[in-house]
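Colleague: Every number in my numbering is 23 more than the matching position in the sequence shown, counting from 1.
There's no promise every hint is true.
[Stated by the list, open to error] The calculated EDC-like cross-link candidates involving lysine to aspartate or glutamate, where the alpha carbons are at most 20 Å apart (straight line), are: (1) K83 with D157; (2) K83 with D140; (3) K179 with D125; (4) K83 with E100; (5) K84 with E51; (6) K194 with D147; (7) K215 with D168.
Because the hints were derived from the structure by calculation, they are not lab data.
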Amino acid sequence: MKTKTTNNIELLLSKLDKQQLCEFIRKECAYDEQFAQRFLSIGAGTIFAPKVSDYQKRAKKILNSFAGRYGFVEYNETFALNRAICKILDEAEDAIIKQNWDVAIAVLDGIASVGNDIINCGDDSAGQLGGIIDECFYKWQELCDNNLLPENIKSKIFNIAISHFEEELLKGWGWWWNWLQMATPFADTTEK
Numbered sequence: 024m025k026t027k028t029t030n031n032i033e034l035l036l037s038k039l040d041k042q043q044l045c046e047f048i049r050k051e052c053a054y055d056e057q058f059a060q061r062f063l064s065i066g067a068g069t070i071f072a073p074k075v076s077d078y079q080k081r082a083k084k085i086l087n088s089f090a091g092r093y094g095f096v097e098y099n100e101t102f103a104l105n106r107a108i109c110k111i112l113d114e115a116e117d118a119i120i121k122q123n124w125d126v127a128i129a130v131l132d133g134i135a136s137v138g139n140d141i142i143n144c145g146d147d148s149a150g151q152l153g154g155i156i157d158e159c160f161y162k163w164q165e166l167c168d169n170n171l172l173p174e175n176i177k178s179k180i181f182n183i184a185i186s187h188f189e190e191e192l193l194k195g196w197g198w199w200w201n202w203l204q205m206a207t208p209f210a211d212t213t214e215k
């Protein structure tokens, strides 16, 4: 069932012309960097090549915005931090659905690459910081389980997983072993 707000949004969109929408988007992008990044993500994989570093920067910027005076995220801020970073992870979900594998990998690798920063940034009494990492690996697994993955993407995931395991990304946490779990199904040659 659509809400009144949703109906109003749809009505307004039907009445605005392209010029008005473009002007609104330009202003919002200039005013709100997070909005600009979400808007630019629409073109990732089609207009722009997706970069892991872009997603790392976005996640770090969010972490910094929630960090208090001493760079520590307080317990009462962790839920909002979780939601903000999980919005980025939602872009991976969309990419998987659209079979835009490179975007999905860039998003997931970008967030996973700052996993140590996420889990160590604050008070995780409520499990919200660990929940971000859990969600990231859940989406990694969803990607790995996709029957439509081409061989070159399987190899790419294998190499990322082995690389992160060797770099000891998230070592000391159970998630470190997930890298091997991800790589194992794609170890299809003697060398691998």
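Colleague: All hints, please: hold or fail.
Modeller: We went through each hint and held it up to the structure:
| no. | hint | in the structure |
| --- | --- | --- |
| 1 | K83 with D157 | holds (18 Å) |
| 2 | K83 with D140 | holds (8 Å) |
| 3 | K179 with D125 | holds (9 Å) |
| 4 | K83 with E100 | holds (15 Å) |
| 5 | K84 with E51 | holds (18 Å) |
| 6 | K194 with D147 | holds (17 Å) |
| 7 | K215 with D168 | holds (19 Å) |
Taken one by one, the earlier hints all hold for this structure without exception.
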